[in-house]
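The listed protein sequences derive, respectively, from chains A and B.
Under the numbering used here, the residue at position 123 of the first sequence is numbered 123, and the numbers go up by one with no gaps.
Under the numbering used here, the residue at position 209 of the second sequence is numbered 535, and the numbers go up by one with no gaps.
Fair warning: there could be bad hints in the mix.
Said to hold, decoys possible - Computed from the model, here is a short list of chain B residues facing chain A with C-beta under 8 Å: (1) P512; (2) R563; (3) D565; (4) S566; (5) V622; (6) Y624; (7) I648; (8) N652; (9) A656; (10) R675; (11) M693; (12) V808; (13) H812; (14) T828.
Said to hold, decoys possible - Label-pair ranges, simulated between beta-carbon atoms: (15) A:T309 - B:Y346: 16 to 24 Å; (16) A:P302 - B:H411: 28 to 36 Å; (17) B:T510 - A:S267: 46 to 54 Å.
Said to hold, decoys possible - Mimicking DMTMM-like on lysine to aspartate or glutamate, the simulated pairs with C-alpha atoms at most 20 Å apart in a straight line are: (18) A:K286 - B:E684; (19) A:K130 - A:E106; (20) A:K316 - B:E651; (21) B:K705 - A:E186; (22) B:K697 - A:E285; (23) A:K263 - B:D626; (24) B:K697 - A:E188; (25) A:K213 - B:E614; (26) A:K211 - A:E285; (27) A:K286 - B:E664; (28) A:K263 - B:E651; (29) A:K211 - B:E625.
Read the hints as simulated data drawn from the structure, not as lab findings.
All figures in this text were calculated on a predicted structure; none of them were measured in a lab.
From the three backbone atoms N, C-alpha and C, an ideal C-beta is built for every residue, glycine too.
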Amino acid sequence: MAAPVVIKKEKVDDPRPSASADAGEGQTEAEIERRMIELMGEFPKGINDKILETDMPNVDKKIKVAILNRLLSQEKVNIFRAAVTKELFWCLKQQPTSKLKGVDSEEKIVMRIIEEAGNKGIWNRDIRTKSSLNQTTLNKILKALEGKKLIKSVSSVSAAKKKVYMLFNLQPDRSVTGGSWYSDNEFESELVDVLNQQCYRILQQKAEGAKQKPLEGPLIVRNASFLSSKEICQIISDLKIVKFNLTVEDIETILDTLVYDGKIEMSATTDGYSDGQVKTYRTVEKLLSSAGIVRIPCGVCPVIKMCGTVGAVQPKNCVYYDQWLD
Amino acid sequence: MPPFTLGHFSQVCCQLLNHYFGEIVGQVGAYLLRRGHRPLFDIPCATGLSIAEVKKALAVMIQHNLVKFEASERNNNIAEYSIIHHNVYCLLRYPKYLYMIKRIYGTSEEILLEILLNLGQASASNVIFQSANRLKEANDPSALHQSFLKLAQDNFIIRCPKLADNANMQKVPTLVVEEKEKFTVPHLEIGPIAKLLKENATQLGEHSDSEVIWRVNHERFDVELRNVILVNAAARRVDSTAGELYHLILKLWRECSNPDSPTTNALSFNVIKDAVRKNEGSSPVLLEHFEQYLRVLYEDTSSLITKVGDAGGGQFILNYSIVFENLACATLDSIVLERFGSKALRLFRLTRIQKFMEQDQMQNIAMIPAKEAKMFTYKLLEHNFLQIKELKKGTSNFAPVKSFILFHVDLPQVARTALEASYKGLFNAMVRQMHDLTDNKRLLDKHARLETLLESLRGEGLPEDELAYLSDSMTAAEKSLVARIHSMNDHLTLGQTQADDTILILESYLKFSSMT
């Protein structure tokens, strides 16, 4: 299949002089083109060489290639290559061209760049470098497109002043909005703290409940102290702490913070009915209640580096010791 | 004030020598701590002490196994003296040793050990004689002999090295340890000891085993102190019954393994089960759920027990290096938590678990607002709890170099920093204690004199009102001050033992991690 690709590339730069010329078996190129678009409409997943061959066996391969290349350059069709068979597919472009009516070529280019960026959006400066338009023209174009409601600007959480552009109908990606824990680009640390504590409390209650039956052995006590992220999510949702819909992933990020706090542990198990792993959590005790050294003032002293047997800070007249010993 | 400064650890050692053996020994010790191996004649020059004083101080320290001597490499007719750092530091742990022996065995063993610690090194007969003298009422030397055998059998005491056979030919004698005889008690003649005791003699004269002298085995006590920490950890992790089981298993491990290796030898399931069955003190809960407890322990993430095979129902070892890494982490976590707060702890643990982290990732995963996260990260960095690794991308000379700043935790380094800080904390607590005691020395002395006087007069049957009159010779304010100083003193002593716990964990971690 490599050969047609090569030919195609050569032909793109070479506009055919006889577009409406008779192409053999009584079909004009315009007819073939129409038929091809029809076929692509019939097969939304795309058409390959075989379909074309069965539908129009009489048409010369070169002409078919030329027509397809023209369609490609007019941006009416997309070309794909199948992953396994390496076959080429053509299908209609999703974007109805009618939407871009009244849009000039510069705007079209900008639109395409923004479209490529998907729901992650693209920064003003990156558009400029990609399109090689100058700043004023680009600003004008962006304003015009925004006015037509084709694109929108979204400010990113990672940098408050950085605006990214994306197609109007897209939902911004989590990396742009920051996910559930951001509202108006502000990180809601209080909400996270509240949920962190609440999750811990739920797990603690579960563990205490499990300890009520010591007669059944420590293994049962331990296994009864586990809760899966799904269950925790359900409990939190029932408590109605948050107004939006909490997903299991949201709760897992909160539970992760507890894991990093060293208060709980995660272990992955499988339950019978859903495929894949289920993350379960339980509270754990630290190996030490607290390090011995922090029970004397020196362990937490902010000026320990300055302390010595001479100078202003000395253990003899240390105010922290005075407070501690009183 | 000496014209030089020592490291924090050496300062602690110096303080201990001063406290237990007086100023002269303290000065000689400080000099040796600073200079390492030194011949005798260097010491009086540097310290300004007379040669007789130095000789005496060295003799005292050798008697207590705090100083060792070796023939100089340059001239093997000259002996060089050096401090045994660990043994000096262990002076701090003597109260713990006594408490431990009392808990495991009982009072008579505690007395034996106390006498031995006081003497530094002594023959078995001598220790038994002196202990019997101390105990007075129950001065049955044969019972004490049994106790002494128990201590030797469990390796808490060890024979001192003997003079080598060719000792007469050398100016500086060499000492040899006989591996086989390390813990064997020679035959003792109890009869003469009992007879001397009846005569209320204060000195034991010639005796049969005067050549075989004993001292405390610090390594064994280290193991025991570590085991206490481990058992407590197991009890915290699961429950007290698990702690009980773990205690038993630790005992089995100790009996079958070399104390210095980073992992113990394997124990099979059946061996442990037998030991639990045979142990009289096993609680019924443990007997009933033995398998479950073992499973919970080896499945725990703290690696208190590691399963290494399935033969004999399962093979279990204790990997000291992993367990003490976990304990050191817990210690560092606790220090970070107390010093910088819970958010800083989250960042610290996150970085440690994820190995290398960028600032952005850290704040996103820890879910801490950017500003706070940065503040805590830089604070931790400032106090050496976090380290920076810079990765530079691209080697081209003209293109701008993109670099990533990654944060990570270099655990041994952080542990060493914390250990150094702990020594300093311990030293400060000691200095503070000495200061409080010397500042109020006169008052305390007066109080002590009064108390002994009252005690003896009460024994003589003086009426209460006269006693009350006498006790009024100290004002109420003075009495309350004395009480306050005593409570402060207790606080500081407790603080020192707690600091020592941290030091033991961090030292053990560094020791075992350097082995693997």
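Enumerated hints in conflict with the structure, sorted upward: 1, 4, 6, 7, 12, 13, 18, 20, 21, 22
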